[in-house]
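J.: In case you want the letters, here they are:
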Amino acid sequence: MEMSAPLFKFGLFGEEASLVVAFAIGIGFGFFLERAGFGSARKLVAQFYLTDLAVFKVMFTAIVTAMLGVTYLAWAGVLDLSLVYLVPTYWGAQVVGGLLLGAGFVIGGYCPGTSLAAVATGRIDGLAYALGIVVGTVTFAGLFPWLGGLYLAGSAGTKTLPEVLNLPYGLVVFGVVLMALGGFKGAEWVEARFGGGGEKERP
Amino acid sequence: MATTIPDAVRSPAREATHVVAAQPYLNPYLAGIGLGLVLLAAFLTMGRGLGASGAFSAAVAWALNAVAPGYVARNEFLAPYVGDVATHPLKTWLVFEVMGVFAGALLSGLLAGRVRRTIEKGPRVSNASRLALAVAGGALMAVGAHLARGCTSGQALTGGALLNAGSWAFMMCVFGGAYAVAWLFRGQWR
Numbered sequence: 342m343e344m345s346a347p348l349f350k351f352g353l354f355g356e357e358a359s360l361v362v363a364f365a366i367g368i369g370f371g372f373f374l375e376r377a378g379f380g381s382a383r384k385l386v387a388q389f390y391l392t393d394l395a396v397f398k399v400m401f402t403a404i405v406t407a408m409l410g411v412t413y414l415a416w417a418g419v420l421d422l423s424l425v426y427l428v429p430t431y432w433g434a435q436v437v438g439g440l441l442l443g444a445g446f447v448i449g450g451y452c453p454g455t456s457l458a459a460v461a462t463g464r465i466d467g468l469a470y471a472l473g474i475v476v477g478t479v480t481f482a483g484l485f486p487w488l489g490g491l492y493l494a495g496s497a498g499t500k501t502l503p504e505v506l507n508l509p510y511g512l513v514v515f516g517v518v519l520m521a522l523g524g525f526k527g528a529e530w531v532e533a534r535f536g537g538g539g540e541k542e543r544p
Numbered sequence: 005m006a007t008t009i010p011d012a013v014r015s016p017a018r019e020a021t022h023v024v025a026a027q028p029y030l031n032p033y034l035a036g037i038g039l040g041l042v043l044l045a046a047f048l049t050m051g052r053g054l055g056a057s058g059a060f061s062a063a064v065a066w067a068l069n070a071v072a073p074g075y076v077a078r079n080e081f082l083a084p085y086v087g088d089v090a091t092h093p094l095k096t097w098l099v100f101e102v103m104g105v106f107a108g109a110l111l112s113g114l115l116a117g118r119v120r121r122t123i124e125k126g127p128r129v130s131n132a133s134r135l136a137l138a139v140a141g142g143a144l145m146a147v148g149a150h151l152a153r154g155c156t157s158g159q160a161l162t163g164g165a166l167l168n169a170g171s172w173a174f175m176m177c178v179f180g181g182a183y184a185v186a187w188l189f190r191g192q193w194r
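Protein chains in written order, with our numbering: chain R, 342 to 544; chain U, 5 to 194.
Bound conformation, chain R alone (with noise of 0.2 angstroms):
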C-alpha cells in the first residue's frame, strides 16, 4: 500500500475540513470517557484508593491499541510516522508537571478532559473543576515570567524511549505490551483484595 497517513499532512483534506474531523473524533472520545464512566469523580479517585482501577486499565488498553496500530501500520508503509506530531522532552518540567497533575487529579478528582464529560453529564463538581482550570491558566501565564527556568529545564528536544533506551522500536513496543499485560493482571489482583464493591456499583 502507499504511504498516505496521516491524511492532513499528505493534503487529502485542508484546514476547514480538519475541524470537522477534530469535531468527529472528539465526539469518540468523549463518548468512550463517559462509557468508562469517566465522568464520576468518585469512579476517578478509586483508582488512587485501589478500589477501582478503571484509570489504570482504559489508559494503557488506549496507549497498547494505539501503539501496536501505529506500529503496525508504520511498518506496512501507510503511515509516516516521521510526520505524527511528538511534543519534545523537557524532563524537568515533565517530573513537576507531572506531579502537580497528580497531586490535583486527587484533590479536584478530575483531569481537562474527563471534567469536560463530568459537565456534559451534569456533575456541578465538574463545572467547578473546570473553574478551576482556567483559574489555574490564568496564574500560570501571570507568573509565565517567573517560571520560564522551570518550564524549559531538562530540555532533550524530541526524544522516544527506544532512542533513550537505545533499543530497537519493536523491543520497546513489546515491553510496553508485556508491562501492561502485567499491570492487568496486577490490578485484578488489587482489585479482588481491596476492592469489596465502592465504586463498582452502578453510576
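Source of the hints: derived by calculation from the structure; they are not laboratory data. Values in this document were obtained by computation on a predicted structure and should not be read as measured data. Misleading hints may appear alongside valid ones.
Here are the simulated DSBU-like cross-link-like pairs (lysine-lysine), alpha carbons at most 30 angstroms apart as the crow flies [unchecked claim]: (1) LYS350/R / LYS95/U; (2) LYS125/U / LYS526/R; (3) LYS350/R / LYS500/R.
With the C-beta cut set under 7 angstroms, the calculated list includes, among others, these residues of chain U facing chain R [unchecked claim]: (4) GLY40; (5) VAL64; (6) ALA132; (7) ARG134; (8) GLY141; (9) GLY142; (10) GLY191; (11) TRP193.
We treat Cβ as the ideally placed atom computed from N, Cα and C, and that holds for glycine.
Dock chain U against chain R, hints included.
T.: Chain U alone, transformed into the frame defined by chain R:
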C-alpha cells in the same frame, strides 16, 4: 401497610430519581480499545493525538485578549494562542475537538441514562468543601499541565502511544503525585 421493599427492587438504579435507570459502565478493557482506536484515528487523519488542556489555554487567551490585549501580547505563554489577527483564536483543532468531547460524552450519558445534576463526593464532605477542592484541584492541575505541555490526554495517552520519552516520565509522575496525596485527601472521597 406493606412497607418492606424486597431487596431485588432496592437496587441503586431504582433509588435514583430519574426516569431511565442508569446503565452500568462499559467494561474498562473494551472502553480502552474504543479510546485507543479514536486516538489511532487522530494519528492517521491529522498526524496528532488528543488533547484538552490546550483548548482551555486558547479560550483563556481569547477571553483575556478581549479585555486586555496589551497584556496578552506581552505574555509569552498566551501570545502564541492569539497569534495573528487573520484567524480567530478559537478556530483551532483542539477547541473543535473539545466541543466534540462535550457532545460525545453527553450522547453517551443520555443513551445510558447517566445524565444527572449532582455533585460527586464522598459521604463525609459538604458540598461547599467539595466544590472548593474541585476549583483548587483544577487550578493545580492546570499549572501542572501547562508546565508539562499537556495533560492526561495530550501527554499521557497521546505521548504514551507514541513512546514519547517525556510523556512516559510525565505519566509515572502523575500516578506518583496522585498516590502521594491520596491519603491526605481521603476525607473527600471515602
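J.: Which constraints among the numbered hints does this structure fail? Numbers only, ascending.
T.: Those not satisfied are hints 6, 10.
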